[in-house]
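*Asks:* Spelled out, the chains give:
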Amino acid sequence: MDFPRGDLMFRSVMTKTGKPVEFQFEDEIITAIDGDNVAAALLKADKIQFRTAKKHDVRGPYCMMGVCFECLVEIDGRPNQQACQAIIRDGMQIRRQQAPDLDGEYEG
Amino acid sequence: MTDQHFQVAIIGAGPAGMAAACTTTKAGLHTIVIDDQKDSGGQVYRNLRANHSLSPTYLGDSYYAGTKLSNDFAACGANYWTDCAVWQITSSHEIALVSRGEAKLITADYIIIATGAIERAMPVKGWTLPGVMSVGGAQTLLKQAALGADDAVFVGSGPLLYLTVWQYIKAGLSVRAVLDTTGRSQWLSALPFAPLAFLQPDMLAMGQKWLREIRQKVDVITNVEEVEIAGRSQVEGLSYTTSSGERIDLPAKHVFLHQGVIPNINLSMATGLEHRWDQKAHYWAPVTDATGKSSDEQIYIAGDGSGVGGAKAAAITGQLSASAIVARHGKPRLMAQLYYKLRHLHFLSIRPFLDRLYLPEVQFRIPQNDETIICRCEAVTKADINGALGSGATGPNQLKAFSRAGMGRCQGRTCGLMVQEMIADHTGQSMAAIGYYRIRPPVKPITLAELASLEGAWPQ
Amino acid sequence: MTQSAKSNFDAIIAGGGLIGLSIGYGLSRLGLSVLLLDAEDTAIRAARGNFGLVWVQGKGAYFPSYADWTMRSSELWPNLADELQDIDGPKLGLHQNGGLSICLSEAEMQQRFDKLEYLRVHQNGRFHFEMLDRAAVKEIMPGIGPRVVGAAYCAHDGHVNPLYLMRALQTGLIRNGGVCLSNSPVSDIRKNGSTINVSTPKGNFECQRLVLAAGLANAGLAPMVGLEQSVTPQKGQIVITEKLDQQLSLPTLLLRQTDEGGLMIGDSHEDCGFDTSVSPTVVSGIADRALATLPALADVGVVRSWAALRVMSKDGYPIYDQSETMSGAFAISCHSGVTLSAAHAFDLAGYIAEGELGQELDGFSQRRFDV
Numbered sequence: 001m002d003f004p005r006g007d008l009m010f011r012s013v014m015t016k017t018g019k020p021v022e023f024q025f026e027d028e029i030i031t032a033i034d035g036d037n038v039a040a041a042l043l044k045a046d047k048i049q050f051r052t053a054k055k056h057d058v059r060g061p062y063c064m065m066g067v068c069f070e071c072l073v074e075i076d077g078r079p080n081q082q083a084c085q086a087i088i089r090d091g092m093q094i095r096r097q098q099a100p101d102l103d104g105e106y107e108g
Numbered sequence: 001m002t003d004q005h006f007q008v009a010i011i012g013a014g015p016a017g018m019a020a021a022c023t024t025t026k027a028g029l030h031t032i033v034i035d036d037q038k039d040s041g042g043q044v045y046r047n048l049r050a051n052h053s054l055s056p057t058y059l060g061d062s063y064y065a066g067t068k069l070s071n072d073f074a075a076c077g078a079n080y081w082t083d084c085a086v087w088q089i090t091s092s093h094e095i096a097l098v099s100r101g102e103a104k105l106i107t108a109d110y111i112i113i114a115t116g117a118i119e120r121a122m123p124v125k126g127w128t129l130p131g132v133m134s135v136g137g138a139q140t141l142l143k144q145a146a147l148g149a150d151d152a153v154f155v156g157s158g159p160l161l162y163l164t165v166w167q168y169i170k171a172g173l174s175v176r177a178v179l180d181t182t183g184r185s186q187w188l189s190a191l192p193f194a195p196l197a198f199l200q201p202d203m204l205a206m207g208q209k210w211l212r213e214i215r216q217k218v219d220v221i222t223n224v225e226e227v228e229i230a231g232r233s234q235v236e237g238l239s240y241t242t243s244s245g246e247r248i249d250l251p252a253k254h255v256f257l258h259q260g261v262i263p264n265i266n267l268s269m270a271t272g273l274e275h276r277w278d279q280k281a282h283y284w285a286p287v288t289d290a291t292g293k294s295s296d297e298q299i300y301i302a303g304d305g306s307g308v309g310g311a312k313a314a315a316i317t318g319q320l321s322a323s324a325i326v327a328r329h330g331k332p333r334l335m336a337q338l339y340y341k342l343r344h345l346h347f348l349s350i351r352p353f354l355d356r357l358y359l360p361e362v363q364f365r366i367p368q369n370d371e372t373i374i375c376r377c378e379a380v381t382k383a384d385i386n387g388a389l390g391s392g393a394t395g396p397n398q399l400k401a402f403s404r405a406g407m408g409r410c411q412g413r414t415c416g417l418m419v420q421e422m423i424a425d426h427t428g429q430s431m432a433a434i435g436y437y438r439i440r441p442p443v444k445p446i447t448l449a450e451l452a453s454l455e456g457a458w459p460q
Numbered sequence: 001m002t003q004s005a006k007s008n009f010d011a012i013i014a015g016g017g018l019i020g021l022s023i024g025y026g027l028s029r030l031g032l033s034v035l036l037l038d039a040e041d042t043a044i045r046a047a048r049g050n051f052g053l054v055w056v057q058g059k060g061a062y063f064p065s066y067a068d069w070t071m072r073s074s075e076l077w078p079n080l081a082d083e084l085q086d087i088d089g090p091k092l093g094l095h096q097n098g099g100l101s102i103c104l105s106e107a108e109m110q111q112r113f114d115k116l117e118y119l120r121v122h123q124n125g126r127f128h129f130e131m132l133d134r135a136a137v138k139e140i141m142p143g144i145g146p147r148v149v150g151a152a153y154c155a156h157d158g159h160v161n162p163l164y165l166m167r168a169l170q171t172g173l174i175r176n177g178g179v180c181l182s183n184s185p186v187s188d189i190r191k192n193g194s195t196i197n198v199s200t201p202k203g204n205f206e207c208q209r210l211v212l213a214a215g216l217a218n219a220g221l222a223p224m225v226g227l228e229q230s231v232t233p234q235k236g237q238i239v240i241t242e243k244l245d246q247q248l249s250l251p252t253l254l255l256r257q258t259d260e261g262g263l264m265i266g267d268s269h270e271d272c273g274f275d276t277s278v279s280p281t282v283v284s285g286i287a288d289r290a291l292a293t294l295p296a297l298a299d300v301g302v303v304r305s306w307a308a309l310r311v312m313s314k315d316g317y318p319i320y321d322q323s324e325t326m327s328g329a330f331a332i333s334c335h336s337g338v339t340l341s342a343a344h345a346f347d348l349a350g351y352i353a354e355g356e357l358g359q360e361l362d363g364f365s366q367r368r369f370d371v
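Read top to bottom, the protein sequences are chains Y, U and F. With my numbering applied, the first sequence closes on residue 108, and no number is skipped along the way. With my numbering applied, the second sequence closes on residue 460, and no number is skipped along the way. With my numbering applied, the third sequence closes on residue 371, and no number is skipped along the way.
FYI, nobody ran anything at the bench for these hints, they're computed from the structure. Yeah, the Cβ is synthetic: ideal placement off N, Cα and C, and Gly gets one too. Worth double-checking, as some hints may not be accurate.
[As the list claims (entries may be wrong)] To be clear about the criterion: a stretch of chain Y counts as covered by chain U if any three or more of its residues have a C-beta under 8 Å from a C-beta of chain U, and this derived list gives those stretches:
id, region
1, 11-18
2, 64-70
[Unchecked claim] If you want the ones that stay clear, here's a sample from chain F, every Cβ over 12 Å from chain Y, calculated:
id, residue
3, L76
4, Q111
5, F113
6, E130
7, D188
8, A298
9, V300
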């Protein structure tokens with residue numbers, strides 16, 4: 001399948017000024033601008049898969065206004081944070097939100 | 001328990017909430033505005049004050065039209081709590097809030113709920129794949145983060161779709177295609193209302209201008225049907241059927257969906273206010289009088305949350321509700337009320353036309369494939385809903401219990417109307433008779449620690 | 001279903017909650033034709049607010065026949081689950097590996113011990129429990145907070161998804177030829193010779209057996225069959241969290257983790273009439289107690305809270321009655337519809353089919369309040 005444009009999924013359409021901040025997504029260090037929301041910062045870095053709802057059921061940001069709860073990520077160890085409502089901060093540790101791990105007989 | 005008392009509490013700082021606050025503070029009423037965002041403007045004027053200094057022209061005049069209202073609001077002197085979410089309003093008019101890790105209760109003589117609209121779901125196959133967003137979501141990214149995606153495919157119907165495509169091309173982004181799903185039958189059913197629409201020539205003219213400029217740069221394909229999005233862990237392409245019956249495949253990384261907007265009724269429903277099914281517009285709206293007063297004498301609903309009318313109408317309804325409250329505080333506003341009422345009615349006159357035109361066809365309201373997800377939060381498919389119907393579920397709340405649809409984090413905001421319509425189809429009852437989910441607090445996210453911070457007593 | 005073509009049934013059940021569905025399913029599996037009449041989707045319903053415990057410890061401490069009946073149901077539960085397992089639909093999630101009641105003070109420990117010891121002594125060796133100290137509780141629930149002093153453990157306890165239980169019972173009832181009608185509250189009941197006539201907004205129906213299992217509405221219906229059911233609402237509020245990795249291996253009286261991962265936290269006991277509103281301060285108290293038990297839950301998000309009304313008799317125990325003036329008519333009122341579901345589906349349905357309540361239910365008549 002061909003994609004005529006460059007690799008970046010989302011790109012800036014305006015030069016934005018602001019303090020650069022670094023955050024970590026999974027094992028990768030990413031630079032963003034202070035004050036960006038987490039979802040936007042991740043999308044800009046080509047990250048569109050934010051969580052798994054079930055095995056093989058991957059989700060990403062959908063409404064960007066706090067309604068759909070599809071953009072949930074783990075931020076600094078706190079699960080189920082709405083990426084579109086959270087503001088990126090220097091040193092933030094972000095991970096994909098995984099469907100709960102329920103072992104033993106709880107699985108189902 | 002109550003920390004603070006206000007004469008007026010306004011929930012939401014979009015056009016309706018801002019306009020209402022300007023009116024109540026001008027009349028000297030002790031007013032609080034509560035909003036879960038960091039800056040005023042709601043969705044329509046999102047990030048307006050920050051964007052204003054840079055003034056990117058791609059956002060267009062309709063966006064900057066909110067500047068005066070935003071400035072007036074900033075100067076009006078209302079108490080304004082940002083980053084603060086209302087998770088419940090009790091029957092004794094306590095407003096339960098959560099902000100920065102702490103919960104509290106405030107009270108008010110009058111409450112104006114101005115929580116706006118949300119987008120109607122468009123549950124085509126593959127609509128949960130990463131890379132699919134709502135058009136509103138794509139527009140928010142543009143307004144708030146100045147981000148856009150090249151070669152996206154816009155699918156659906158309605159003014160917001162065309163406005164966003166127009167903003168995209170003005171921002172220098174390439175748009176692969178617009179697939180307009182407005183059916184011929186919708187144009188026909190909208191026609192009787194066309195004369196009313198002509199009372200609003202500027203709105204129609206604006207739409208024409210967008211469309212002309214869009215067509216110069218983008219393929220606009222009309223009468224599109226049977227849209228399916230393909231991909232495994234992200235969007236890889238989509239396919240659709242043209243009016244001549246041809247099946248087209250299109251590679252795409254981004255698909256933006258839109259089928260119009262509906263009132264955001266979660267707070268008004270959770271508060272136990274009366275709602276009515278609007279058959280023409282195909283959504284639930286709170287029962288209000290002309291001033292926005294709900295079935296609770298102390299609670300008003302303003303803006304799109306009381307019925308979708310757009311930003312300008314929202315501001316007017318905000319002023320109307322505020323004026324009615326000012327009058328009930330013994331400061332009659334007879335002239336103002338009448339004036340606003342007239343303008344309000346005038347403005348809304350284009351709505352019947354738009355409602356008919358943009359009410360999506362059944363194939364875009366209910367998934368066509370068994371595996372397509374209806375409840376995103378709980379990953380409940382159309383087949384799962386049919387299974388619960390087969391178990392004898394005859395109402396939305398029983399079906400919720402049987403299938404988990406509507407039990408997740410979004411509290412049915414996405415799946416509510418789909419589930420209701422599937423029950424109506426299955427049982428042969430009207431949408432009004434089926435009813436809606438019973439919405440439970442908290443209507444906004446709150447953690448256990450935040451909830452515990454309210455210092456309630458363990459009840460024995 | 002919204003209509004019924006048929007008007008004559010072996011049995012009619014008034015009430016589509018856990019009591020009505022369990023009995024209705026039980027009668028249908030015995031081969032009776034059953035019509036279940038349910039109210040509106042938004043009616044006051046205890047069943048849809050249920051916490052989901054299959055609970056034995058503490059039940060009937062001072063009412064031995066209730067303790068026996070509860071134990072009997074707990075023992076029958078695996079059979080019910082096995083039977084319902086064969087019906088399509090989501091897994092019931094029955095776990096009967098024991099349960100805990102967490103104590104936050106020595107006084108609570110002592111109170112709990114006294115109650116359970118009384119039960120043990122009066123249950124002919126059928127009931128067992130253990131008091132666990134803090135260290136022992138910590139082995140089962142590593143994250144307990146500093147305020148936890150200990151817990152009572154009872155191996156008979158368990159939990160299940162109450163909503164899927166309702167779904168399975170209803171599906172089973174329909175499979176067995178039963179008919180469920182919604183929006184059909186009973187408005188009138190009359191005896192006509194050997195049959196009972198039941199009026200609803202959806203039409204009139206005839207039956208040989210009538211079971212009133214309409215929860216709080218039984219107070220109004222029972223006199224129509226010459227019985228009395230003095231029941232009042234007791235409000236319980238429950239909080240449910242977002243889905244989590246496994247936090248709890250056993251359910252407790254306050255917390256249980258569902259198969260989907262969400263934690264249910266409850267529940268309050270309030271006497272405040274027919275008010276089903278959620279009170280912010282009460283759910284705050286519920287959250288507070290949950291955090292005292294497991295402090296690590298602090299940042300866990302709340303998805304939903306709700307209030308439901310328990311069906312309470314004057315002494316809190318069930319009422320099982322059969323009419324003397326209208327033979328074939330029964331009235332059942334109780335809370336704990338999940339725990340008792342198996343006894344209702346098997347034993348009680350059998351008695352009703354035969355037309356005579358079993359003698360172990362003798363002490364449960366409304367007449368016990370006449371003294």
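*Asks:* The structure should be examined with respect to each hint, and the outcome stated for every one.
*Replies:* Results of checking the hints against the structure:
1. Check result for the region 11-18 of chain Y against chain U: holds, 5 residues qualifying (beta carbon to beta carbon below 8 Å, three or more required).
2. Here the region 64-70 of chain Y counts 7 residues with a CB under 8 Å from a CB of chain U, which clears the bar of 3, and the coverage holds.
3. Every CB of chain Y is more than 12 Å from the CB of L76/F (nearest about 20 Å), matching its label as outside the interface.
4. In this structure Q111/F is separated from chain Y by more than 12 Å, as the shortest Cβ-Cβ distance comes to about 31 Å.
5. For F113/F, the non-interface assignment is confirmed: its Cβ lies about 30 Å from the closest Cβ of chain Y, beyond the 12 Å cut-off.
6. Non-interface call for E130/F relative to chain Y: holds, since the shortest CB-CB distance, roughly 22 Å, exceeds 12 Å.
7. Annotated as non-interface, D188/F keeps its C-beta farther than 12 Å from every C-beta of chain Y; the closest such distance is 45 Å.
8. Against chain Y, the non-interface label of A298/F is violated: not every CB pair exceeds 12 Å, the least being about 10 Å.
9. Taking the minimum C-beta to C-beta distance to chain Y, about 8 Å, the non-interface status of V300/F is violated against the 12 Å cut.
When the structure is compared with the earlier hints, violations turn up for hints 8 and 9 and for no others.
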